[in-house]
Every structure is written in C-alpha cells, then in structure tokens.
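*Asks:* Next come the chains, spelled out residue by residue.
2 protein chains.
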Amino acid sequence: MSTDDHLTSRRAVVAGLATAAFYAANTPAKSAALTTPVKAEDEELMREAIALAAEADFPFGAVIARDGAVLARGLNLGKRRHDPTAHGEIVAIRRFLAEHSPDELKGTTLYTSGEPCPMCMGAIIWCGIGRVVYAASIAELSAHIGQVAISCTEIANKTPFASIEITGGVLADEAIGLFHT
Amino acid sequence: MSTDDHLTSRRAVVAGLATAAFYAANTPAKSAALTTPVKAEDEELMREAIALAAEADFPFGAVIARDGAVLARGLNLGKRRHDPTAHGEIVAIRRFLAEHSPDELKGTTLYTSGEPCPMCMGAIIWCGIGRVVYAASIAELSAHIGQVAISCTEIANKTPFASIEITGGVLADEAIGLFHT
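For the protein sequence lines, the chains are R and B, in the order given.
Here the working numbering is used: the first residue of the first sequence is 35, the next is one more, and so on.
Here the working numbering is used: the first residue of the second sequence is 35, the next is one more, and so on.
For the record, the hints were derived by calculation from the structure and aren't laboratory data.
Be a bit skeptical, because a hint or two may be false.
Same chains, same label: a pair holds when it works inside one copy or across any pair of copies.
Derived SDA-like pairs (lysine to any residue); straight-line CA-CA distance at most 20 Å [claimed, not checked]:
1) Lys-113 <-> Arg-128
2) Lys-73 <-> Thr-201
3) Lys-73 <-> His-214
4) Lys-140 <-> Gly-162
5) Lys-113 <-> Arg-129
6) Lys-73 <-> Gly-141
7) Lys-73 <-> Ala-55
8) Lys-140 <-> Ala-196
9) Lys-113 <-> Thr-53
10) Lys-140 <-> Asp-117
11) Lys-140 <-> Gly-211
12) Lys-140 <-> Thr-201
13) Lys-140 <-> Pro-118
14) Lys-73 <-> Asp-137
15) Lys-140 <-> Tyr-57
16) Lys-113 <-> Glu-138
17) Lys-113 <-> Val-72
18) Lys-113 <-> Asp-207
19) Lys-140 <-> Gly-112
20) Lys-140 <-> Arg-115
Could you build all of it, start to finish, from the sequences and the hints given here?
*Replies:* If you want it as structure tokens, here you go:
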C-alpha cells in the first residue's frame, strides 16, 4: 500500500463509521409514521382510487383529497405516456401541481389502491402530504407484480423532517381483485 | 370482542406474518446492488453533473449517459417549476423520456451530484437504468439539507427484479462544496 492508498483506505473507514452512525441516529425507536385508524370517508375515497385503477395501464389509481373533497386524480399511465415513472400517485401529484401551489399539498390525504413504492412515498414526503391511505400492501401486490420490498411506513420512519399518518388495508381485496380481471 | 372483531384481529395477525415473511425473503444475504469501482470516464461526467448543480434551485444536478456520451441533463428545479419532486435525477429522466423511448434508458448510467433519495432511486429502478454514480452520500448531504435516511444501495438491495451497479464518492468534496457557496 502506498501512503495515498493508506489515506484513502483510512478515509473510507472513517466515512463508513460516520455513515453507520447517521443511519442509526435516523432510525427512531418510536415510529415517525403514525399508523392511524380508518376514518368515515376513507372507503368512499378509496373506491374512487380503485375505479381509476380499473382504467389504468397497470391497475393502480390514486386521489388526493382534503376534508373528504377530491382535489386531484391519477392512474397509472406508464404505457400511454411511455413513462415508467407515471404511477398513479405521481400522476395525481403532477396533475395537482399543474393547477395548485405546492404549499396546498401540505396536510392533504393521498388515497392509493396500492401501497406507495419508494419512488411514490418519496414524492409524497417531499410534497408534505400529511396522510396516506392505501388498499393492497406491497407484500400483497408482490404476488402479482414486481415490487421494491420496502414498506411506505419504513420510508416515513427514516424521514426525520416529516411526520405522516398511514392507514393500510382499506378495501385491499377489491384492489387486488383488479389483478384477476 | 365480537366474532367480527376476532376474525379481523386474526386476519391482521395472519397478514402481518405474511408481510414479515415477504420482507425477510426479499432481503438478500448477498447484495443485489453491485458496488463497482470508478471508471475512466466517471470524473468528467460527474463534473457535468456538478456544473448543473451549481445552477440549480437546490445544489443537485444529474446527467444520463451511455458509453461516456451524455443523453440528458437535469438540475433541481423545485422552486422554478413549483414542484418539490423536480430533483435533478427526475428532471434528467423526464427530459430523456420527452425525446426517447423508455427502452433506451435500459443500461444507461446516471451521474448525480448527490446520492439518489428513495424517490429518485425508485424512478431509476423503474426505468431500468443500469448504473448509478454519485458524488456526496445521503449521510454527507444530511449535514446540509433534510434527507430520508435510506441509502440508494438499500433500495436496490430490496429490489428482486433489477440489478444495478452503484459507485459512490466520485468528487464528493466538490459536490458538498456547493452548499458553502
């Protein structure tokens, strides 16, 4: 090993320790995501998301709502838009942002027929959406379509700057049923 | 507890066990992400990403390249576009998809001045991008700007349907330096 190699190697070790400490510090003992019970309006709004999923390229749909009123709708348009990132949640967020200020997303609820993948959950977090309600879980979806095996709750729990409510399993059977039609 | 409550409770336990088994099964003992060494062209292409970051709303830039040739460029446009999801990587992907078929993304390399967040890494995975080269790590960035504490390598490792090469730390000091200007 040259001196340079030694320095590089030592630097890598120090950086590795700092990285491990960072991830450990950002894994709260108490969940940052609040798992909340089903609310009165959840089923009706989830039915809208599932109806959108039934028309989608892959069977996923989403609506963004505040106080029970729908503000934006999305459905998977991956094939029609030739865009693998056009998931239901992303399409709903893009449509919302085309008409509203991003500040108006704060405190909204996003209903989605499938638990948000890391891409969609990241977008939800960066947009300050306050609550996520999903039907089928990533684990349930993975029997039908390729999934990244990280729950949206884990993503939320690793986000020190945001707090988000999560409710799962609302009309999950209906959402999964779309994969059998 | 009513009979319904008992059934609901039992169903939740069964679903919980299935979910735990799913996540365990998708945590490979051997990493699905390949940590690869720096290639000859990496520094030059990273300099392009860092130059874009210097012009961005938040100091993040990205380029998508194949065989050393740049195919698309992106920079954080969160403020200008009024879109909190307009990260450098996402902007580069959207610009690429506006001009090319998504199939052409497969096997490309994405260079980014900051390690991809879960949103961007999810997009990278869904698009089939073959390699990610980043400068500053999420752990390093977190000293300067809010981050989701999940590495892009962890996201890749939890993705059973994709294999992606990852190289980190290329010109990291220059990328972090943009936060001090």
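*Asks:* Run every hint past the structure and note whether it holds.
*Replies:* Consistency of the hints with the structure:
no.: 1; hint: Lys-113 <-> Arg-128; in the structure: both (17 Å within a copy, 15 Å between copies)
no.: 2; hint: Lys-73 <-> Thr-201; in the structure: within (9 Å within a copy, 45 Å between copies)
no.: 3; hint: Lys-73 <-> His-214; in the structure: neither (28 Å within a copy, 46 Å between copies)
no.: 4; hint: Lys-140 <-> Gly-162; in the structure: within (5 Å within a copy, 31 Å between copies)
no.: 5; hint: Lys-113 <-> Arg-129; in the structure: both (18 Å within a copy, 17 Å between copies)
no.: 6; hint: Lys-73 <-> Gly-141; in the structure: within (15 Å within a copy, 45 Å between copies)
no.: 7; hint: Lys-73 <-> Ala-55; in the structure: neither (38 Å within a copy, 29 Å between copies)
no.: 8; hint: Lys-140 <-> Ala-196; in the structure: within (11 Å within a copy, 33 Å between copies)
no.: 9; hint: Lys-113 <-> Thr-53; in the structure: neither (39 Å within a copy, 29 Å between copies)
no.: 10; hint: Lys-140 <-> Asp-117; in the structure: between (26 Å within a copy, 13 Å between copies)
no.: 11; hint: Lys-140 <-> Gly-211; in the structure: neither (32 Å within a copy, 31 Å between copies)
no.: 12; hint: Lys-140 <-> Thr-201; in the structure: within (17 Å within a copy, 35 Å between copies)
no.: 13; hint: Lys-140 <-> Pro-118; in the structure: between (26 Å within a copy, 11 Å between copies)
no.: 14; hint: Lys-73 <-> Asp-137; in the structure: neither (24 Å within a copy, 42 Å between copies)
no.: 15; hint: Lys-140 <-> Tyr-57; in the structure: neither (26 Å within a copy, 30 Å between copies)
no.: 16; hint: Lys-113 <-> Glu-138; in the structure: between (29 Å within a copy, 15 Å between copies)
no.: 17; hint: Lys-113 <-> Val-72; in the structure: neither (33 Å within a copy, 35 Å between copies)
no.: 18; hint: Lys-113 <-> Asp-207; in the structure: neither (25 Å within a copy, 40 Å between copies)
no.: 19; hint: Lys-140 <-> Gly-112; in the structure: between (26 Å within a copy, 15 Å between copies)
no.: 20; hint: Lys-140 <-> Arg-115; in the structure: between (27 Å within a copy, 17 Å between copies)
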